[in-house]
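A.B. asks: Residue numbers (my numbering), protein chains in the order written: chain A, 1 to 365; chain B, 1 to 317.
Some clues are possibly wrong.
[Said to hold, decoys possible] Pairwise CB distance ranges (calculated):
#1 B:L148 x A:D193: 28 to 34 Å
#2 A:K184 x B:Q223: 28 to 34 Å
#3 B:V296 x A:S130: 31 to 37 Å
#4 B:L129 x A:L54: 24 to 30 Å
#5 B:D204 x A:E109: 36 to 42 Å
#6 A:E273 x B:D204: 53 to 59 Å
#7 B:G22 x A:S130: 28 to 34 Å
#8 A:F69 x B:M170: 42 to 48 Å
#9 A:L183 x B:V296: 55 to 61 Å
#10 B:E88 x A:S130: 44 to 50 Å
#11 A:Q59 x B:L129: 46 to 52 Å
It should be emphasised that the hints constitute simulated quantities derived from the structure, not laboratory data.
Small disclaimer: the values here were computed from a predicted structure and weren't measured.
Even for Gly, the Cβ is constructed at its ideal location relative to N, Cα and C.
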Amino acid sequence: MAEIRVEHLHKTFGTFTAVKDSSFTVHDGEFFVMLGPSGCGKTTTLRMIAGLELPTSGQILLGGEDVTFKRAADRDIAFVFQLFALYPHMSVRQNIGFPLKCVGTPKAEIKRRVEETARILRITPLLDKSVSGLSGGDRQRVALGRSIVREPMCFLMDEPLGALDSEFRTLMCHELRSLHDRLKATTVYVTHDQLEAMAMADKIAVMNHGVIEQFATPQEIYDHPATMFVADFIGSPSMNFLAFRGALAPGQQAVTVDGVEVAVPAAREARAEADLVLGVRPEHIRFVSDGGVRGEVFGAEYLGTTQIVTVRTAGGTVKARVPATVPVATGDRLGLAFNGARLSVFGKEDGRAVRTALYEGAAHG
Amino acid sequence: MSGLTQAHSVVAPSTASRRISGAIVIVYAIITMLPLLWIFATGFKSQSDAIAYPPKVFADPSLQGYVNLFTTRSRQTPEYMASLPPPETWYDELVRKQNMVIVGPSKFGARFMNSLIIGFGSTFLAVFLGTLAAYAFSRFRIPLADDLMFFILSTRMMPPIAVAIPIYLMYRELGLSDTRLGMIILYTAVNVSLAVWLLKGFIDEIPREYEEAAMIDGYTRLQAFRKVVLPQAATGIAATAIFCLIFAWNEYAFAVLLTSGEAQTAPPFIPIIIGEGGMDWPAVAAGTTLFLIPIVVFTVLLRKHLLRGITFGAVRK
Ligand SMILES: Nc1ncnc2c1ncn2[C@@H]1O[C@H](COP(=O)(O)OP(=O)(O)O)[C@@H](O)[C@H]1O
Ligand SMILES: [Mg+2]
Numbered sequence: 001m002a003e004i005r006v007e008h009l010h011k012t013f014g015t016f017t018a019v020k021d022s023s024f025t026v027h028d029g030e031f032f033v034m035l036g037p038s039g040c041g042k043t044t045t046l047r048m049i050a051g052l053e054l055p056t057s058g059q060i061l062l063g064g065e066d067v068t069f070k071r072a073a074d075r076d077i078a079f080v081f082q083l084f085a086l087y088p089h090m091s092v093r094q095n096i097g098f099p100l101k102c103v104g105t106p107k108a109e110i111k112r113r114v115e116e117t118a119r120i121l122r123i124t125p126l127l128d129k130s131v132s133g134l135s136g137g138d139r140q141r142v143a144l145g146r147s148i149v150r151e152p153m154c155f156l157m158d159e160p161l162g163a164l165d166s167e168f169r170t171l172m173c174h175e176l177r178s179l180h181d182r183l184k185a186t187t188v189y190v191t192h193d194q195l196e197a198m199a200m201a202d203k204i205a206v207m208n209h210g211v212i213e214q215f216a217t218p219q220e221i222y223d224h225p226a227t228m229f230v231a232d233f234i235g236s237p238s239m240n241f242l243a244f245r246g247a248l249a250p251g252q253q254a255v256t257v258d259g260v261e262v263a264v265p266a267a268r269e270a271r272a273e274a275d276l277v278l279g280v281r282p283e284h285i286r287f288v289s290d291g292g293v294r295g296e297v298f299g300a301e302y303l304g305t306t307q308i309v310t311v312r313t314a315g316g317t318v319k320a321r322v323p324a325t326v327p328v329a330t331g332d333r334l335g336l337a338f339n340g341a342r343l344s345v346f347g348k349e350d351g352r353a354v355r356t357a358l359y360e361g362a363a364h365g
Numbered sequence: 001m002s003g004l005t006q007a008h009s010v011v012a013p014s015t016a017s018r019r020i021s022g023a024i025v026i027v028y029a030i031i032t033m034l035p036l037l038w039i040f041a042t043g044f045k046s047q048s049d050a051i052a053y054p055p056k057v058f059a060d061p062s063l064q065g066y067v068n069l070f071t072t073r074s075r076q077t078p079e080y081m082a083s084l085p086p087p088e089t090w091y092d093e094l095v096r097k098q099n100m101v102i103v104g105p106s107k108f109g110a111r112f113m114n115s116l117i118i119g120f121g122s123t124f125l126a127v128f129l130g131t132l133a134a135y136a137f138s139r140f141r142i143p144l145a146d147d148l149m150f151f152i153l154s155t156r157m158m159p160p161i162a163v164a165i166p167i168y169l170m171y172r173e174l175g176l177s178d179t180r181l182g183m184i185i186l187y188t189a190v191n192v193s194l195a196v197w198l199l200k201g202f203i204d205e206i207p208r209e210y211e212e213a214a215m216i217d218g219y220t221r222l223q224a225f226r227k228v229v230l231p232q233a234a235t236g237i238a239a240t241a242i243f244c245l246i247f248a249w250n251e252y253a254f255a256v257l258l259t260s261g262e263a264q265t266a267p268p269f270i271p272i273i274i275g276e277g278g279m280d281w282p283a284v285a286a287g288t289t290l291f292l293i294p295i296v297v298f299t300v301l302l303r304k305h306l307l308r309g310i311t312f313g314a315v316r317k
């Protein structure tokens, strides 16, 4: 078990930059998730940590040791691939035992450890089956088995649940996290699915175009998104953005959106007059009959205890999550009131969050 | 009642269309097999039966063709024949009935051996080199990889015989004319481009995660290649090997041009087996029959791979 430190990691393919000046530290025993849309460089980063790809520049340290240019086999890591990469010509037992066989472990020892691993993953009855007949979930367990059997310093997983159907995914999410809690192994987990990330991670790095936009705990990322990209990417439905023009002075506690005064957390920095964006999570919106930002109900999506109501305002379409008991009908005109303590303000140009009371103490990506 | 409601699948062929396609396959098989059967039968006819007109479909079986194929004989006077001790073996007897005696073995055995060595040798080399090259093209970032692949393919765009004269002159200078090594090199050179292209397709189909997983687990790249990639590429390698072997085994033009003695292969040798008074057709047919056997055996041994392989990996997973 060990700490993973990545410093100023950079990777280009020809003229294309896949990973740009990435730095982060995963502490011993942490479950770290790299989250981002497809093509943002998650796999490339993971492959560099694994030693399957050499960085263009930067450094990778595993347990304090510089392994940047070491062979994959010498890094003592395990990698779970999206496609599981089980060998079709081997049985489950041989697949799980393969890493031990690679390094010349005695037969009896392999047998003992394979069986122990199978017990942990509850796949003992499958041991002597061929892998080609297994269901997706069982294949995933075998792939996991192959990675934990060697008791490596850390686990790297590249969208390991991506190939499963959603029913299995929720189950495996849970299993993975409880497995991690038992093994306490440092884990780097890559996914484009925010729900997976939120459910499992101790820390999340949100990536976009090869850049880490924010590195923080799931809660911080949700509550204090450092950039508009993060705010938009996390949450379902995602954060509402209301554009407005204005200036900010330290201590200022309100902005004017669409001619309406809206309370915001006290600003901690000055901004000259510019195009700004107010970020509002759907659950921080209430409907009021008088005042507020005016809009017209466009539609509602009933979710049981809550409903997502789409409202058209002059500043754009807004989605609000309100209790299902609130009566709304398409065409209703109403006002939107916001929970002033939980709003974010972004610069439209750079997409970065303005520092406010809400962001105090939060690590600024 | 249930007969009326029987569902019919939109993808599975109907019984009628299956019968028709079955019939077409059988007719086609008969058309292609007939000449081979005729050759096979001719090998067991006597010389006179072989050229009888109208043709004899059923003749008294005779091993004369095979005996003539493997021996050289000389005609003797009846007096000399009478003076000989009784024949020691069945083939002695067969030859003496034609008023001849065996003076020694023919060159067929040696020619056949040449074909085996050159055919399998060049196939092995082409597939071996092709697999390594295809793996490199498939997995590594090689500068100008696409251009190189095209260059490799371009060596096949012209019929090889178009460069026969330069090769003939070059081989004469290098002392490779009429040597097994020369023929192995030549056939390897012709086949390796096909091998690289076919095998690259197969290896591209194998997810690289397989060998990467093995490399993370402690194998070197070479070990991962041998123990993970090769077993999975077996199908493609087998199919490629058959294509290469068929070319090298049947090749005629270069064999005629570059070999005449030591390294002559069976194809130029078989058609010129001359008996007394013209072609010895039963012997030619016997030689052809034997010549077909190795390739049939090889194909049958690898047929399990071949069927999947010839679809060029399209049905993997
Ligand atoms: N070997 C490669 N050669 C060229 N470009 C690559 C290579 N690997 C990845 N890329 C590019 O780098 C970008 C990031 O890829 P990747 O790390 O796989 O993204 P992610 O895993 O986040 O979806 C993609 O645009 C991809 O096309
Ligand atoms: Mg990826």
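A.B. asks: So which of those numbered hints doesn't the model satisfy?
C.D. replies: The structure breaks hints 1, 10 and 11; every other hint is satisfied.
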